[in-house]
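Quick note on numbering: my numbering labels position 89 of the sequence shown as 89, and the sequence is numbered without any gaps.
These are calculated hints, taken from the structure and not from any lab test.
A portion of the hints provided could be inaccurate.
Unchecked claim - Mimicking DSS-like on lysine-lysine, the simulated pairs with C-alpha atoms at most 25 Å apart in a straight line are:
(1) 218 x 21
(2) 288 x 163
(3) 278 x 358
(4) 163 x 218
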Amino acid sequence: MQKTELSPNPTLYLLSLGCPKNRVDSEVMLGTLLDQGYRLVDEPEAAEVIVINSCAFIGEAKQESIDAILEHAQLKETARCKTLVVAGCLTQRYAEVLQNEMPEVDYFVGTSAYPRIAEIIRGERDRAVIPNPDYIADAKTPRRNSMPRWTAYVKISEGCDNKCTFCIIPTLRGLQRSRPIADVVEEAHRLVAAGAVELNLVAQDLTAYGHDLPGRPKLHDLLQALGEVPARWIRLHYAYPRDFPEPLIDALANQPNLARYLDMPLQHIADPVLRGMKRGRDAAWVRKLVGKIRERVPDLTFRTSFIVGFPGETEAHFQELYDFVEEMRFDKVGVFQFSQEEGTESFSLPDQLPQRVKAQRQKKLLGLQRKISKAHQAALVGRTLDVLIEGVSDETDLLLEGRWQGQAPEIDGKVYVNRGEASPGAIVRVEIEQAGDYDLVGGIVGADGPALALSPSRAAAVNLPGPLNLPMEEQAARMPRPRFPILSH
Numbered sequence: 001m002q003k004t005e006l007s008p009n010p011t012l013y014l015l016s017l018g019c020p021k022n023r024v025d026s027e028v029m030l031g032t033l034l035d036q037g038y039r040l041v042d043e044p045e046a047a048e049v050i051v052i053n054s055c056a057f058i059g060e061a062k063q064e065s066i067d068a069i070l071e072h073a074q075l076k077e078t079a080r081c082k083t084l085v086v087a088g089c090l091t092q093r094y095a096e097v098l099q100n101e102m103p104e105v106d107y108f109v110g111t112s113a114y115p116r117i118a119e120i121i122r123g124e125r126d127r128a129v130i131p132n133p134d135y136i137a138d139a140k141t142p143r144r145n146s147m148p149r150w151t152a153y154v155k156i157s158e159g160c161d162n163k164c165t166f167c168i169i170p171t172l173r174g175l176q177r178s179r180p181i182a183d184v185v186e187e188a189h190r191l192v193a194a195g196a197v198e199l200n201l202v203a204q205d206l207t208a209y210g211h212d213l214p215g216r217p218k219l220h221d222l223l224q225a226l227g228e229v230p231a232r233w234i235r236l237h238y239a240y241p242r243d244f245p246e247p248l249i250d251a252l253a254n255q256p257n258l259a260r261y262l263d264m265p266l267q268h269i270a271d272p273v274l275r276g277m278k279r280g281r282d283a284a285w286v287r288k289l290v291g292k293i294r295e296r297v298p299d300l301t302f303r304t305s306f307i308v309g310f311p312g313e314t315e316a317h318f319q320e321l322y323d324f325v326e327e328m329r330f331d332k333v334g335v336f337q338f339s340q341e342e343g344t345e346s347f348s349l350p351d352q353l354p355q356r357v358k359a360q361r362q363k364k365l366l367g368l369q370r371k372i373s374k375a376h377q378a379a380l381v382g383r384t385l386d387v388l389i390e391g392v393s394d395e396t397d398l399l400l401e402g403r404w405q406g407q408a409p410e411i412d413g414k415v416y417v418n419r420g421e422a423s424p425g426a427i428v429r430v431e432i433e434q435a436g437d438y439d440l441v442g443g444i445v446g447a448d449g450p451a452l453a454l455s456p457s458r459a460a461a462v463n464l465p466g467p468l469n470l471p472m473e474e475q476a477a478r479m480p481r482p483r484f485p486i487l488s489h
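Just need the whole structure built from these sequences, with the hints factored in.
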C-alpha cells in the first residue's frame, strides 16, 4: 500500500465502540497519538486520520462496527480523511476477511498492537498488524482519559482464562494478564490527582485478578492497597461469581472508598444451562453467594446480566430464570439474546433456538425487571443521597444531572437536580423527591433557588464518541453491507 502523506500535526477523530474495556484501549491509542502531535477534533469531517476501535463480541456489535467503518470510509471521498484505521476486536477476529472486503481501510490494528498505532499510521509497518494478544497497558503507558475528569476506568487485567462456551473473548484477547498491585495503585493516584473522584475497575474477569502474578495476590489485596487512594468511589465491574472469598465481601462491606455497587454477570440460574455454558458453579452456589453478599454488604446496588435463548434452553429453564429474577429483585439487570458466534463451543451445539423465541424471552424478562427497578427507585424517595454532579442536564438547562454511587457511568440512570448550585465534579447531598423507572429527581439539601452549574458541564472531557452516545434511531438507521461474510451465518 502506498503511504499517504499527512500534515505535520494531523487532525484526529477516534470512534470507540463496545465496552468500557475497549474505551481504555481507545484512550491508550489517543494518548499515544496526542503525544506524537496529533490534534483531536470533534467531528469526523474535520479529521485527516480516523480511527475506529471496533467490537466483535456478538452479532449486533459486529454489525455496528461494520456500519461505522463503511459510514466513515465515505469521508475519504467527501471530506478531509486521508487515512482510515480500524482497530480492536473485529480486526483481531477477521483480519484476513476485512483486508479483502474493505480496500478503503488503510490499516488494521489488532488488540495487542495499540502501542504501535503511531508508527503503523506512518506506514512503517504492514497494512495489518495483528500480533498474538499478549499486551496490557501499564501506569507508564501514554493514555488520555476520555471521560469527564471526575470519573475514569481502570483496567486491572486483560484477557480471560475461563472457558464459557458462548464467549469469544479469550480468542480475541488472550489468556489473563493481571497488572501488579503497585502499578494499578500508581495509575489510580495519577487519575485522582487529575481530578477523578470516581474510579471504575474493569476486567474481563475481575475476581480472577492476580492468579497469574508472582505470589498470586487476590482482588481484595488490590482493593486494600487502593484504600490509600483518595477517590470517593471505587466501583467493581464484571466480577465473575466463581470465586468471591470472604475477605472480598468484607472489603466491599467495610472499605470506605469502595462504592456499595457490584456488577456480577450471572448469565443464568438453571443448572442444565449453566453446565452448557461451562460457568463452573451450579444454581445452589449462585443463590448462596448472592444471598451472602447482600446480607453482609448494607445498601448494596447489585447489577447482573443474563443470556436468554442459549441452545437447549427450554421453557422450564427460562421460567426458572424468570422466577429467580422475580425472587432476587436485583437492582439492575441486563438481558441479552444468545448470539451464535463462530469460534465458540456453543456455535455448534444442538437445539439452537429460533430468533423469535429469544426475542420473546428477552422482552418478557426485561418487562419483569422494569417493574422491579421501578419499585427500587420508589423506595429511594425521601432519602438523602450523595450525588456526583456532572453538569447541566442534556434534557433541559433548568436541571443539573449527576449520579449517586448506585449508578455507574454510561449504563445506569441519572439523578436530576432541580434546586441548588454545584460545580461539576462535586459531590453534594440531594434529597430525592421523585422516581422514574431508572432516574431520580431531587434538590440539594438546604437549597431554595433553581438548579445552577457553577462551571461548564463538559470540563476536561475528551468525550470520545461511541455507541452509548448515539440515539437509538440513529443506530437503527445504519445499513449493513449486503451479505458481508462475517454476518452471514
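Which of the numbered hints are not met once you compare them with the structure shown? Every hint satisfied by this model.
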